[in-house]
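J.: All chains should be modelled from the sequences, with the hints used to inform the complete structure.
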Amino acid sequence: VTEPLVSVLIPTYNRPRYLIMGLLSVLRQTYANWELVICDDSTNDETEAAVRPYAAADSRIRYVRNPTRLGWPRNGHRCLELARGEFVNFLMDDDLFLDGKLAVMVKAFQERPDVTLVTSARYTIDAEGRVTGIQERLFDNTTVVGGRELAEHMLVNVTNYIGEPTTAMFRMRDMDEPFGCYRGRQYAFMVDVAMWLVLLAKGSAVYIAEPQSCFRVHAGQGQKDDAQQVTSLSEWRTLIADAHAHVFIRETPRYRLTLMGYLHMATAQMQQIIARGHGDVLHHAELLEALHDSVRDMMSGDDG
Amino acid sequence: VSGLVSVLLPTCNRPHYLLQALESALRQTYAGLEVIICDNSRDEETKRAVEPYLARDSRIRYVQNEANIGYVGTMQRCMKLATGEYISFLMDDDLYRADRLSCMVPILESRPDVTIVTSRRAFIDGHGHAVGMSHSLSDKQAVFDGRAFINLMLTQFVNFVGEPTTALFRKKDLHDGIGLYGGRQYSAIIDMAIWIPLLLKGNCAYLPQLLSSFRQHERQEQKQPEQLAANILEWHSIILQAHRDGCLQQDGQLGTSLLVYLRTCARTVLDLYGLGQAALLKTGEIESILHESIDEAVYGRGIGA
Chain A
1 VTEPLVSVLI PTYNRPRYLI MGLLSVLRQT YANWELVICD DSTNDETEAA VRPYAAADSR
61 IRYVRNPTRL GWPRNGHRCL ELARGEFVNF LMDDDLFLDG KLAVMVKAFQ ERPDVTLVTS
121 ARYTIDAEGR VTGIQERLFD NTTVVGGREL AEHMLVNVTN YIGEPTTAMF RMRDMDEPFG
181 CYRGRQYAFM VDVAMWLVLL AKGSAVYIAE PQSCFRVHAG QGQKDDAQQV TSLSEWRTLI
241 ADAHAHVFIR ETPRYRLTLM GYLHMATAQM QQIIARGHGD VLHHAELLEA LHDSVRDMMS
301 GDDG
Chain B
305 VSGLVSVLLP TCNRPHYLLQ ALESALRQTY AGLEVIICDN SRDEETKRAV EPYLARDSRI
365 RYVQNEANIG YVGTMQRCMK LATGEYISFL MDDDLYRADR LSCMVPILES RPDVTIVTSR
425 RAFIDGHGHA VGMSHSLSDK QAVFDGRAFI NLMLTQFVNF VGEPTTALFR KKDLHDGIGL
485 YGGRQYSAII DMAIWIPLLL KGNCAYLPQL LSSFRQHERQ EQKQPEQLAA NILEWHSIIL
545 QAHRDGCLQQ DGQLGTSLLV YLRTCARTVL DLYGLGQAAL LKTGEIESIL HESIDEAVYG
605 RGIGA
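Heads up: the sequence lines are chains A and B, in that order. In terms of this note's numbering, the first sequence has 205 at position 205, counting the first letter as 1, and numbering is strictly consecutive. For any residue, its number in this note's numbering is found by taking its place in the second sequence, counting from 1, and adding 304.
Derived from the structure by calculation, the hints contain no laboratory data. In this text, a Cβ means the ideal position worked out from N, Cα and C, and glycines have one as well. Where hints are given, some of them may not hold.
Stated by the list, open to error - Simulated pairs of lysine to aspartate or glutamate, DMTMM-like, Cα-Cα distance not exceeding 25 Å:
1. B/K476 to B/D549
2. B/K476 to B/E389
3. A/K224 to B/D555
4. A/K202 to A/D225
5. B/K586 to A/E289
6. B/K586 to B/D599
7. B/K527 to B/D555
8. A/K224 to B/D599
9. A/K224 to A/E177
10. B/K586 to A/D297
11. B/K586 to A/D293
12. B/K384 to B/E467
13. B/K384 to B/E338
14. B/K351 to B/E338
15. B/K444 to B/D403
16. B/K505 to B/D449
17. B/K586 to A/D174
18. A/K202 to A/E149
Said to hold, decoys possible - Computed, partial: chain B to chain A, Cβ under 10 Å:
19. L308
20. L330
21. R331
22. L358
23. A359
24. Q557
25. G559
26. L562
27. L566
28. C569
29. R571
T.: Here is the structure:
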């Protein structure tokens with residue numbers, strides 16, 4: 001039996017040290033039939049110098065230097081365009097795979113033809129690579145779950161239970177939108193949830209209870225982090241509304257419950273941002289629109 | 305000579321509890337008090353129950369409303385009839401501890417800066433059994449700055465003073481009337497509308513003893529839908545009025561208060577749909593107030609600026 005080809009995609013930008021750790025975690029995979037596509041959007045040559053020796057030594061590594069900066073999320077689009085595998089797994093340039101990840105996930109796909117997404121528990125690591133914990137678990141045991149059920153669970157709780165782009169694997173042919181897009185709309189920060197919704201609309205998901213990857217959490221809640229959090233908050237609202245217009249949270253009471261959860265999370269995060277002295281980042285037109293739209297939708301329509 | 309305390313007992317259709325409340329007032333170790341019962345009941349049962357007490361204790365005055373003037377109207381009528389220097393409400397299902405006024409009055413007599421004396425309070429069930437107590441604000445007697453106390457209540461969305469039964473204040477400090485604040489008559493959050501004007505004038509003294517008991521009925525837990533809808537309107541109004549009156553002025557305080565408010569409202573809206581009472585939300589007023597508070601929370605100055 002031949003192993004299907006898995007494309008591991010790393011969009012990278014100016015962090016060669018972490019990137020090489022990620023690359024090494026791919027080389028350590030027990031699964032052999034992968035290609036590693038590294039799309040380098042860096043502003044200097046350090047990343048290229050660090051990667052070239054590995055690319056020369058292992059033909060499975062394809063290194064692409066963007067002639068001009070593409071920026072985020074277009075560097076993600078580029079990765080997906082270059083992928084040739086039947087399966088795709090992103091690897092964010094500061095994250096790590098555990099050694100069995102590709103083998104375990106390909107096997108999960110092969111056992112269940114209706115599955116369009118395989119994800120797993122994940123460790124969080126700090127800047128030095130120390131494990132700091134396990135992200136909130138979706139289930140205690142490895143579980144197959146309906147796509148709609150899982151998507152609605154995420155939406156109602158306004159929580160990305162599936163994980164970051166690094167966490168999950170999918171089939172190339174199931175991803176019929178560009179990287180980080182859902183319903184034709186491009187996301188900047190909620191790229192992962194956008195992709196997961198595309199995939200969950202098409203089939204079931206497998207959750208593997210044993211961690212398969214590490215997600216790096218950088219310290220700090222500076223003004224810039226809070227500004228990103230505000231953009232993410234406004235993007236959540238768009239995801240919820242587009243999911244409702246699509247195939248998820250269709251019933252009005254469920255949509256209303258989701259909006260209540262959204263307003264709950266948004267106001268709590270906004271309060272924390274004010275408490276950190278960064279209230280100015282809340283002067284954000286999309287965030288205000290998101291809150292107004294949520295109130296309007298929450299109070300319109302009748303149940304039943 | 306210590307000043308006269310008017311214990312104000314608005315009551316409606318529950319003579320059994322009322323008599324317990326009345327007896328707890330009459331048992332006070334503090335000597336100078338009058339008890340004013342204002343009866344808004346539909347029938348004569350309360351009147352008949354009170355009559356024996358009136359005959360043997362001249363400190364009690366009883367009036368019966370000719371028409372149903374509601375909860376707020378009854379409180380206001382009590383206030384009009386009060387002749388004491390100090391006011392102490394006693395809701396008709398609550399209880400005072402016998403030394404309550406003896407503990408509280410001396411503070412108002414000795415501290416002109418204090419406009420509210422409150423205490424920790426016990427929670428009791430329908431049978432009078434203790435089921436809990438309010439959070440402790442301090443292990444020993446303490447005086448909190450009035451405005452800081454308002455800011456704390458409005459940013460945490462907790463009425464730290466307590467229900468009307470809990471606190472003692474001077475009659476002259478509440479010349480606007482009960483629950484009238486900034487020209488608006490409050491009803492759903494009438495206690496907040498009593499405490500805030502008082503705290504704008506002075507400080508809040510807190511006693512750690514359980515000087516009163518607040519009864520929690522099982523049915524009381526499920527608030528009336530109309531009251532839930534009124535809460536949305538009244539909380540918004542009181543937050544902005546307090547801000548106009550110089551509260552919530554520190555960086556981010558008004559925003560924090562309005563964000564907690566919005567979060568609470570989102571829950572209330574969902575509850576009202578769940579109760580099949582969405583019609584109460586369809587007046588347009590509630591929705592426009594929620595939209596306003598989003599902008600006020602983010603731009604932080606409110607209408608008054």
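J.: If a hint holds in the structure, say so; if it doesn't, say that too.
T.: Status of each hint after checking the structure:
Taken as a hint, the B/K476 and B/D549 pair is honoured in the structure, with Cα atoms around 20 Å apart against an allowance of 25 Å. At roughly 7 Å between alpha-carbon atoms, B/K476 and B/E389 fall within 25 Å of each other, so this suggested pair holds. Proximity of A/K224 to B/D555 is assessed by CA-CA distance (about 20 Å); at most 25 Å being required, the pair is judged to hold. The straight-line distance between the Cα atoms of A/K202 and A/D225 is roughly 33 Å, outside the 25 Å bound, and the hint therefore fails.
Pair hint B/K586 plus A/E289 holds up; C-alpha atoms about 21 Å apart against a cutoff of 25 Å. Straight-line distance between C-alpha atoms of B/K586 and B/D599 comes to about 21 Å, which keeps the hinted pair within the 25 Å bound. At roughly 34 Å between alpha-carbon atoms, B/K527 and B/D555 are farther apart than 25 Å, so this suggested pair is violated. Restraint check for A/K224 and B/D599: satisfied, since their Cα atoms lie roughly 22 Å apart, inside the 25 Å limit.
A hinted pair counts as satisfied when its Cα atoms are at most 25 Å apart, and A/K224 with A/E177 does not qualify at roughly 29 Å. Taken as a hint, the B/K586 and A/D297 pair is honoured in the structure, with Cα atoms around 13 Å apart against an allowance of 25 Å. Straight-line distance between C-alpha atoms of B/K586 and A/D293 comes to about 17 Å, which keeps the hinted pair within the 25 Å bound. For the hint pairing B/K384 with B/E467, the CA-to-CA distance comes to about 20 Å; that is within 25 Å, so the pair holds.
A distance of roughly 13 Å separates the Cα atoms of B/K384 and B/E338; the hinted pair therefore holds under the 25 Å criterion. Taking the CA atoms of B/K351 and B/E338, the gap is near 18 Å; set against the 25 Å cutoff, the hint holds. For a cut-off of 25 Å, the pair hint linking B/K444 to B/D403 stands: about 17 Å separates their Cα positions. Between B/K505 and B/D449, the direct Cα distance comes to roughly 10 Å. Compliance with the 25 Å bound is thereby established for this hinted pair.
The straight-line distance between the Cα atoms of B/K586 and A/D174 is roughly 43 Å, outside the 25 Å bound, and the hint therefore fails. For the hint linking A/K202 to A/E149, the alpha-carbon distance of about 12 Å falls within 25 Å, and the restraint holds. For B/L308, the suggested interface contact is broken, since its CB lies about 46 Å from the closest CB of chain A, more than 10 Å. Interface restraint check for B/L330: the shortest CB-CB distance to chain A comes to about 47 Å, outside 10 Å, so the restraint is violated.
Below 10 Å, beta-carbon pairs count as interface contacts, and B/R331 has none with chain A, the closest being about 45 Å; its hint is therefore violated. Interface hint status for B/L358: violated, as the beta-carbon distance to the closest one in chain A is roughly 51 Å, over 10 Å. For B/A359, the shortest C-beta to C-beta distance to chain A is roughly 56 Å, which exceeds 10 Å, and the interface hint is violated. Residue-level restraint check for B/Q557 holds (minimum Cβ-Cβ distance to chain A is 9 Å; threshold 10 Å).
With 10 Å as the threshold, the beta carbon of B/G559 comes within range of chain A, its nearest partner Cβ sitting at about 5 Å, so the hint holds. Of the supplied interface hints, the one on B/L562 holds, with its beta-carbon coming within about 9 Å of a beta-carbon of chain A, less than 10 Å. This hint holds: B/L566 has a C-beta 5 Å from the nearest C-beta of chain A, less than the 10 Å allowed. The restraint placing B/C569 at the interface with chain A holds, with a minimum CB-CB distance near 8 Å, inside the 10 Å limit.
Given hint, B/R571 at the interface with chain A, holds; its Cβ is 7 Å from that chain's nearest Cβ, closer than 10 Å.
Hint check: violations occur at hints 4, 7, 9, 17, 19, 20, 21, 22 and 23; the rest are consistent with the structure.
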